[in-house]
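Dock chain B against chain A, hints included.
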Amino acid sequence: MTHASRLTAGSLGRLLDLLDADRDRAAIAYEQLRERAAGLLQWWGATHPDELADETLDRVGRKLDEGAPVTQSSLAAYVRGVARLVFYESRRADRNDPLPRHDLAAPQPEGQPDVLECLDECLASLDSSDRDVVLRYYEGNKVAVRQRIASDLNISMTALRIRMHRLRIRLESCVEAGLKRLGHFEHPLQA
Amino acid sequence: MNDVRSYLLGGSDEATSESIETRALQDDEFFETIRSVEDDLFDQFARGELSDDERAAFLRRFGQQSERIRFANALARRRPNVIAFPARRWLGWAAAAAIAIGITALVVRQPAAPPVAVHSQVLRSMDVTLAIGATRSSSQSTQVVVPNGISTVNLRVRLNPADRYEKYVMTLRSKGVSWGSGEVHASNDAGDLIVAAKVPANILVPDTYELSVSGDGEELGFATLEVRGQK
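Here the protein sequences come in this chain order: A and B. So for the first sequence, the working numbering puts the first residue at 1; every next one is plus one. So for the second sequence, the working numbering puts the first residue at 1001; every next one is plus one.
Bear in mind the hints are in silico, worked out from the structure with no lab data behind them. Check each hint, because a few of them may be wrong.
[Stated by the list, open to error] Here are a few chain B residues that sit away from chain A, every Cβ distance over 12 Å (derived from the structure): (1) 1008; (2) 1063; (3) 1074; (4) 1075; (5) 1129; (6) 1143; (7) 1145; (8) 1184; (9) 1188; (10) 1199.
[Said to hold, decoys possible] Just so you have them, the derived chain B footprint on chain A, three or more residues with Cβ under 8 Å: (11) 14-26; (12) 155-169.
The beta-carbon is built from N, C-alpha and C at its ideal position, and this holds for glycine as well.
Same shape as in the complex, but just chain B:
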């Protein structure tokens, strides 16, 4: 791959270039491999990992490919806080702490559930804020409706201020979904200790989910989320 990389940056001699180019014309797999090395160069460019000479050579050769540059830049700037875990067998509910819940998004009206303000306009993202309580007995299902047009649910968990850790992991599970946030960090929000992650709305199909939060590997608590279909 170093030969190919060097060729793409204009650093190969004539004989090597001819060899690479001729092989690329007759070998589809080799041609696609070269394209994958191009992808790596776009990523290195986006991350600022090319030397000055390499950067100049990259721009001479690929600078007009604005869509690929745009994509590489977005990939480099994307926060790695949303990772889809591979599907796991559902092992059943773990013991859950009680939940005190504050919701700032649209919630379906149920006879036992308190009414919540509804956003009248279509939003591209919505916030759901939950807090982990101390006991299970006071827990209640939190019902959420994800409106059409919402692409991301900003899941925010209010933690006990004493639960300060270097990093946290949020996991959302149902029978058919297993999603993990990857490592996230807590932040202070008006005196509250909050961990947050963005959940793609399209994985939140109507179902009951268990949200668990751990800090540096230690389980901190659970919450229950009932996602309802939009009427």
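With the rest of the complex left out, here is chain A:
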């Protein structure tokens, strides 16, 4: 599904104004909202969540330009409603033009030495305190261990979760970059 933004300067401006009076902060808030809308669409099972998130915010901006009575406090619920509509439309479109079905029942076996080696290299690239925390945090997913880590770092469990998620994103990207350097390419799954 291709998407070309139909957001005019005026409708984008109305959306930014709603997000924040300061345009620089509003631009950041726009990107965060876009990322969260894409997350929502991904949870619903959208095949192209980023494109649909763009479409969602385009429509929200146009509706604001047309005078839709949306306030800052109701914006999240409004965006959710528009995202839902966009998602259902995309599902109808996908049924008319089905993508190859992926058989996802069996995960790829990832005991391959290269993947593990890339992971080790990427872990070694972290500074020692981050590496130590990552290894402790992800070994066994034990609540008591994580609570201890949070206590040791003097941060809340929520802050620890977010910190570990961000480190994990870095590691995932690092591993993928390492595999590409080794010449591993994504193979389409068998239907």
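For chain B alone, kept in the frame of chain A given last:
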């Protein structure tokens, strides 16, 4: 978090889903928390800890995210034998036993050191095998060069066959590095009792290191490793 987990597996009612989704759109911290719960689900999937229904629901929702699945699988299969200890103050050399050393990797040539075969091709990992001797007086520095392109040094220590324990810990220390293997187990290798661990090559900066080995908490001995820079 149970509500979020249930939502991610498609087990929430409409009202709960709407509440979670609306909050996720307006609260960045909450959105990232949900992402962290996703990470936990990926790990549980990789470890086979999801029920059949949960697994099916997970694949429906996240099955296309192959990079995250790949990462979670690798994390689950990674042997927990390499743990970075937090930096500690260097307290000085402990008394060390003498060392008899066999080296199977590239070693820098020094006037007093015997020449050792050099690997001509670039290897991604290299083996260093050491043995703990009985006395200190016969010890000598073991000099090692870690070539560019090596990512892992497989540190192998040949133990006295009588030193059989349930678990061992190998520790490598210098003034700037403190690394620990975590608990490892010994194996028989052609009649030798060997403990081994993988050391990330990038922590082995040129310096002098003390390797210590303990078994079930009892110190078994020490070795000295001099890592030299590649010329």
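Tested hints:
no.	hint	in the structure
1	1008	violated, 7 Å
2	1063	violated, 3 Å
3	1074	violated, 5 Å
4	1075	violated, 6 Å
5	1129	holds, 20 Å
6	1143	holds, 23 Å
7	1145	holds, 19 Å
8	1184	holds, 15 Å
9	1188	holds, 23 Å
10	1199	violated, 9 Å
11	14-26	violated (count 0)
12	155-169	holds (count 7)
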